[in-house]
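Student: Between the sequences and the hints, there should be enough to build the whole structure, so can you do that?
Chains as they are written, first to last, in this note's numbering: chain R, 555 to 744; chain F, 18 to 146.
Worth flagging that the hints you see were computed from the coordinates, not collected in a lab. Quantities reported herein were computed from a predicted structural model and do not represent experimental measurements. Nothing false has been slipped in among the hints.
Keeping only pairs whose Cα atoms sit at most 25 Å apart, straight-line, the calculated BS3-like set for lysine-lysine is:
1. F:103 - F:63
2. F:34 - R:576
3. R:604 - F:34
4. R:654 - R:697
5. R:578 - F:103
6. R:561 - R:578
7. F:67 - R:576
8. F:19 - R:576
9. R:579 - F:19
10. R:660 - R:742
11. F:83 - R:625
12. F:103 - R:576
13. F:34 - R:597
14. F:83 - R:576
15. R:578 - R:597
16. R:717 - R:660
17. F:34 - R:566
18. F:34 - R:578
19. F:83 - F:67
20. R:625 - R:561
21. R:597 - F:83
22. F:103 - R:579
23. R:579 - F:34
24. R:742 - R:654
25. R:566 - F:83
26. R:579 - R:566
27. R:561 - R:597
28. R:697 - R:653
29. F:63 - F:118
30. R:561 - R:579
31. R:742 - R:625
32. R:578 - F:19
33. F:34 - F:103
34. F:118 - F:67
35. R:579 - R:604
36. R:604 - F:19
37. F:118 - F:34
38. R:561 - R:576
39. F:83 - F:63
This is what each chain is made of:
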Amino acid sequence: MEVIVNKVLDAKGLACPMPIVKTKKEMDTLEPGQVMEIQATDKGSTADLKAWAESTGNQYLGTVGDGDILKHYLRKESIQEEKPESKHPYVTTLDELSKKIAGNEKITVLDVRESAEFAFGHIPGAVHIPLGELEERFEELNKNDEIHVICRTGSRSDFASQKLAEKGFGNVKNVIPGMQEWTDSLEKTH
Amino acid sequence: MKIAIIAANGGMFDAYKVFNVATAAAATDAEVGIFFTFEGLNLIHKDAHKNLSMPAGAEHFLEGFKRANVPPVDELVQMASEMGVKMTACQMTMDVMQLEKEHFIEGIDVGGAVTFLAFAKDADVTLTF
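Tutor: Pasting the structure below:
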């Protein structure tokens with residue numbers, strides 16, 4: 555699967571602390587919610603970038619090895635997500651969703667995160683439409699299905715749920731809190 | 018996060034210890050201050066910081082620095098400065114060594130022990146190299 559990123563940073567051949575220093579500089583140019591791929595050959599960069607993301611409030615998505623090159627994926631934190639203002643009236647919990655999946659109930663799980671986030675772990679069988687593409691792609695979904703919308707924290711999925719309700723979808727539930735606390739099975743495509 | 022560093026030694030290895038931590042911290046949005054004292058003044062001396070000595074017996078590691086593509090010390094110093102790392106040279110040591118502010122790189126301050134202590138008193142991390 556191809557991961558869509560907003561920026562690729564070439565930090566190949568650079569030694570510590572340069573990958574971090576460059577990441578910091580480039581991250582400042584991104585908009586909240588955008589994803590950056592950092593290509594590095596410094597073996598310490600995986601642990602460093604994880605720690606860096608944690609200290610600076612950004613989101614570490616994962617790392618993929620490609621020969622000698624490590625490709626790290628980070629998502630710039632958006633302030634909006636820290637203070638979710640829930641509006642969609644129908645919500646459900648991760649537990650309830652887990653039970654429905656285990657019981658083979660006929661539901662649709664719609665994951666509205668960015669493609670890099672989706673690639674590093676999603677609910678098996680989930681349909682993937684990033685929030686930003688929902689406006690053009692909502693017709694791929696069936697209006698009569700029971701749709702469970704999920705993101706990382708429950709914030710983007712709230713916007714998506716509202717949007718689907720506006721479009722005439724009658725059975726939409728926002729899953730709270732989202733993938734960051736999902737401990738059930740995961741599928742990776744990257 | 019606030020980080021206070023004392024740089025009291027003036028060799029090549031010392032420079033990397035000081036400036037790697039300082040630049041990494043600055044890149045992690047920390048407020049960083051370094052107090053340069055005694056041999057540590059070498060690390061910001063206009064000429065000396067470009068030509069620091071290796072520890073005796075470790076000269077062969079020079080190649081290793083090149084192989085690992087470690088940036089030269091003057092580049093790290095400049096980067097630290099650009100990222101807002103506050104650098105203070107110790108007045109007392111400068112007097113002893115008969116050094117003036119213009120012997121040092123641009124953008125440094127000169128101060129005494131209390132200058133450092135005032136900065137360090139509420140630091141989250143304090144390091145001495």
